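Q: Listed here are the chains, written in short residue letters.
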Amino acid sequence: MEKIQEIRLHGRGGQGTVTAAELIAVAAFYDGKFSQAFPSFGVERRGAPVSAFCRISGEKIRLRAQIYQPDFIIIQDAGLITTDPSVLQGAEKCRGILINSEKKDWPEIKNKNVITVPATKIALEKIGKPFINTALIGAFTAMSKLATLGSLRRAVEERFPPEVAASNIAAMQAAYDCVEVKIKEYKFSSI
Amino acid sequence: MNKCIEGSHAVAETINLCRPKVIAAYPITPQTHIVEDLAKMKANGDGGYEFVRCESEFAAASIILGASASGVRVYSASSSQGLLLMTEVLFTIAGMRLPAVLTCANRAISAPINIWNDQQDAMTLRDSGWIMLFAEDNQEAVDLHIVAYKITEALRIPVMVNMDGFVLTHTFEPVDIPEQKEVDAFLPEYSPEQGQFLDINMPVSLGCFATPADYMNIREELAIDIEASKKFIKTQLGNYKKAFGRGGNALVEYYGAKNPDVIIVAMGSVVGTIKDAADELMEKKKNVGLAKIKCLRPFPKEELVKVLGKTKFAAVLDKSISLGQEGILATEVKAAAQNKLSAKIQSFVVGLGGRDITKDSIKEIFQHVQKRDSGLSFVE
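So the sequences go chain by chain: A and P.
FYI, the numbering used here numbers position 146 of the first sequence as 146, with every residue one higher than the one before it.
For the numbering used here, add 191 to where a residue sits in the second sequence, where the first one is 1.
Treat the hints with care, since some could be wrong.
Rough simulated footprint, nothing fancy, chain P against chain A, three-plus residues with beta-carbon under 8 angstroms [stated by the list, open to error]: (1) 30 to 39; (2) 103 to 114.
Selected chain A positions facing chain P (in silico; Cβ < 8 angstroms) [claimed, not checked]: (3) 22; (4) 25; (5) 80.
Hints are computed from structural coordinates only; laboratory data are not their basis.
In this text, all values refer to a predicted model and were calculated from it rather than measured experimentally.
Every residue, glycine too, gets a C-beta built ideally from N, C-alpha and C.
Whole structure, please, built from the sequences with the hints as guidance.
A: Here it is, written out as structure tokens:
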């Protein structure tokens with residue numbers, strides 16, 4: 001059985017954490033893979049910590065448990081790292097951690113494969129509002145290659161009205177480019 | 192068409208394909224997305240049904256009762272407290288022999304208040320006279336709804352399709368949604384026979400008063416008909432497989448080792464996690480199997496006894512409990528096994544109120560059931 005790729009996303013209510021997981025799953029599906037996305041089933045409140053899960057595999061996914069040892073962690077709000085202990089669960093052994101931040105050093109994270117992307121800055125520039133999730137999924141796919149940018153674009157286009165989709169795709173592309181450059185620069189180890 | 196969509200949305204699309212005439216519902220988490228989507232489809236002009244926004248679940252159940260009595264295809268959905276508020280009417284729908292399909296997005300029951308998944312809501316309705324089906328994944332949820340209409344309209348016994356709240360209803364995964372013409376061919380327009388519904392040209396009374404001279408006979412007849420419905424349910428599941436290439440006619444599906452020492456009995460979405468855990472156990476040469484219960488009512492005793500066969504240990508997983516007894520499915524399995532099986536049968540209560548069920552917890556159950564104790568166990 002092929003190993004399922006598991007992604008855990010952390011954000012706050014209102015940041016589109018669940019939507020981001022769903023968009024990644026839909027994009028992977030368009031790439032011909034099996035995928036699954038689900039929320040952590042919290043009570044929906046703006047600002048409260050939220051997590052979501054995504055699995056991608058070449059075979060049908062049957063497993064329904066939450067993800068405790070992810071392959072990738074996406075952190076939408078860096079403030080959660082020190083306040084929510086579940087964010088770094090399994091961080092040591094995961095293949096990569098993506099953080100919405102401009103900060104370079106993360107001594108609290110015991111994993112060298114940390115990539116940051118200024119998703120809030122990109123979102124403000126391209127969308128005009130701090131809607132960061134599409135920028136982050138663009139950055140994520142540059143980092144993990146678990147979905148193609150073309151399929152992500154299609155997923156975003158289907159989800160949002162044309163104008164909203166266009167600005168979000170611009171943010172996604174900008175974040176993708178930003179991470180592509182970083183990966184070449186830093187020779188990201190195991191990815 | 193194969194799509195990667197939310198379970199609730201997949202069910203809503205499927206219900207629309209089944210062409211109900213009346214949908215009545217009251218929103219409750221985690222059922223909400225299903226009826227919201229159906230309301231949206233109606234508002235967009237894509238739904239050929241009346242959508243009744245009710246003042247309560249009691250009203251929603253009463254409205255589908257009335258609509259079904261007038262001879263049209265009906266649908267509702269609920270969860271948890273909402274399902275319990277429908278209870279009185281659900282017994283009546285079954286007793287009146289009215290066809291209906293209802294989705295239960297399974298959720299825990301208060302108190303304490305909890306919006307997450309378990310199956311206490313549906314299990315509390317097990318004596319209501321509804322046929323009760325349980326879906327393992329969103330594809331099966333889609334398929335079972337189409338079969339449910341076929342069953343309910345032929346047998347005049349209502350059908351509840353259960354899908355785990357959040358775990359299925361809120362999960363995006365690939366689902367093949369059939370084409371309208373395929374569904375139409377399998378499920379033609381509902382046309383009840385004269386005398387079976389309220390018709391001014393052929394006046395009848397439905398839901399009459401029954402004195403001790405008749406009540407017991409009517410209930411006995413219903414009990415016999417529900418017991419006998421197994422054969423028809425299997426036939427329809429088989430026909431569905433012929434038409435759509437999915438599913439199968441087993442009411443108890445077996446997965447796992449050829450000669451298992453341990454069989455885990457379960458229903459609903461946890462079955463997927465058990466399959467993955469069973470594969471890992473089998474890789475380590477452990478003889479483990481899974482008996483998936485697809486139909487709780489009528490209870491497929493004969494099939495289950497056959498599947499459990501010569502196994503030494505049966506661990507029955509329940510996402511519900513009969514307080515003061517044990518897991519509800521466990522009691523049912525023991526009743527079916529009486530004088531027929533020698534296996535040790537033990538009750539494991541899992542996943543109450545949304546507690547996550549991991550592969551490790553399944554492996555722990557596999558170990559535990561082979562120990563000496565036989566008491567009820569709550570799996571953390």
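Q: Taking 8 angstroms as the C-beta cutoff, is the stated coverage of the segment 30 to 39 of chain A by chain P satisfied by three or more residues?
A: holds (count 7)
Q: Would you check chain P against the segment 103 to 114 of chain A, counting CB to CB pairs closer than 8 angstroms, and say if three or more residues qualify?
A: violated (count 0)
Q: Can the hint on residue 80 of chain A be confirmed by a CB-to-CB distance to chain P that is less than 8 angstroms?
A: Because about 20 angstroms separates residue 80 of chain A from the closest Cβ in chain P, which is outside the 8 angstroms limit, the hint is violated.
Q: Classify the hint on residue 25 of chain A as holds or violated, based on whether any CB of chain P lies nearer than 8 angstroms to its CB.
A: Hint holds; residue 25 of chain A Cβ to chain P Cβ min 5 angstroms, cut 8 angstroms.
Q: Is the hint on residue 22 of chain A kept, meaning its closest Cβ partner in chain P is under 8 angstroms away?
A: Since chain P brings a Cβ to about 5 angstroms from residue 22 of chain A, closer than 8 angstroms, the hint holds.
Hints 2 and 5 from the earlier list are contradicted by this structure; the remaining hints agree with it.
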